[in-house]
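A.B. asks: One-letter residues, chain by chain:
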Amino acid sequence: GAGVSQSPSNKVTEKGKDVELRCDPISGHTALYWYRQSLGQGLEFLIYFQGNSAPDKSGLPSDRFSAERTGGSVSTLTIQRTQQEDSAVYLCASSLLQGGTEAFFGQGTRLTVV
Amino acid sequence: KQEVTQIPAALSVPEGENLVLNCSFTDSAIYNLQWFRQDPGKGLTSLLLIQSSQREQTSGRLNASLDKSSGRSTLYIAASQPGDSATYLCAHTGGGNKLTFGTGTQLKVEL
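From first to last, the protein sequence lines stand for chains A and B. Per the numbering used here, the first sequence starts with residue 1, numbered consecutively. Per the numbering used here, the second sequence starts with residue 1, numbered consecutively.
Take the hints with a grain of salt, since some may be wrong.
Straight-line Cα separation of at most 27 Å, BS3-like style, residue types lysine-lysine; simulated pairs [said to hold, decoys possible]: (1) B:Lys42 x A:Lys17; (2) A:Lys15 x B:Lys68; (3) A:Lys17 x A:Lys57; (4) A:Lys11 x B:Lys42; (5) A:Lys57 x A:Lys15; (6) A:Lys57 x A:Lys11; (7) A:Lys57 x B:Lys42; (8) B:Lys108 x B:Lys42.
Heads up, incomplete: computed chain A residues facing chain B, CB under 10 Å, no partners named [stated by the list, open to error]: (9) Tyr48; (10) Gly59; (11) Ser62.
Note that these hints are calculated values from the structure, not bench results. Remember, predicted model here, so these are calculated numbers, not experimental data. The C-beta atom is built at its ideal place from N, Cα and C for all residues, glycine as well.
Between the sequences and the hints, there should be enough to build the whole structure, so can you do that?
C.D. replies: In structure tokens, the structure reads:
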């Protein structure tokens, strides 16, 4: 595709359920980022993948959060036992290389935990 | 801890005015600095990328400058239009490679 694609665009889930959020980066981009944006707040870094290197998981808020990137392309962010404070927009971005190249964002997944 | 601050937090201007948005950062070893806009309920749209070896970039009515020594970047918007109304975010990548975002400037351009 032409840009970063995220699915679903909206997700409403009950507290305690698990959810999976998907990100399709731009073809050929080796770097992939996940961020979270709570209502009225700034962007919070979650996790960063670069090629075959070990991901930078330093931003994951708890062990309920995990992410995978299969085959260096599609990434899935999984939140287990969702809590109301997990409600936010989850944004994915990709860039051609690490560091000094332009990052492009998807439209995000709006997660609402009820 | 790396910090990125944007001033002002909010700005309202009449259509046609030229304006400057400011971004300050504490990490002097940045790789690049990128400006984004975010419309309500939407993702981020990349506006300009300035590599660490560059001092400025231009795209249409937008001009972004970078001064690594002082830890500052500015986004200049010429002849502002109502369609420019959005939140503007600056972000840089440093040694950790992840993007570190500023606090954002909410811009409203009024008719």
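A.B. asks: With reference to the structure, classify each hint as holding or not holding.
C.D. replies: Here is how each hint holds up against the structure:
In summary, the hint linking Lys42 (chain B) to Lys17 (chain A) is supported, as the alpha carbons are separated by about 26 Å, within the 27 Å threshold. As the CA atoms of Lys15 (chain A) and Lys68 (chain B) are separated by approximately 45 Å, the hinted pair breaks the 27 Å bound. With a CA separation close to 22 Å, the supplied pair Lys17 (chain A) and Lys57 (chain A) stays within the 27 Å bound. For a cut-off of 27 Å, the pair hint linking Lys11 (chain A) to Lys42 (chain B) stands: about 15 Å separates their Cα positions.
Under the criterion of a C-alpha separation no larger than 27 Å, the hint pairing Lys57 (chain A) with Lys15 (chain A) is consistent with the structure, at around 24 Å. With a C-alpha separation of about 23 Å, the suggested pair Lys57 (chain A) and Lys11 (chain A) falls inside the 27 Å cut-off, and the hint holds. Of the pairs offered as hints, the one joining Lys57 (chain A) and Lys42 (chain B) holds, with about 25 Å between alpha carbons and a cut-off of 27 Å not exceeded. At most 27 Å may separate the alpha-carbon atoms for a hinted pair to count; Lys108 (chain B) and Lys42 (chain B) meet this at roughly 16 Å.
Here the hint on Tyr48 (chain A) is kept, as its CB sits about 5 Å from the closest CB of chain B, short of 10 Å. For Gly59 (chain A), the shortest C-beta to C-beta distance to chain B is roughly 8 Å, which falls under 10 Å, so the interface hint holds. Given the 10 Å rule on beta carbons, the hint for Ser62 (chain A) is violated: about 19 Å separates it from the nearest Cβ of chain B.
Violated hints, in rising order: 2, 11; the structure is consistent with all others.
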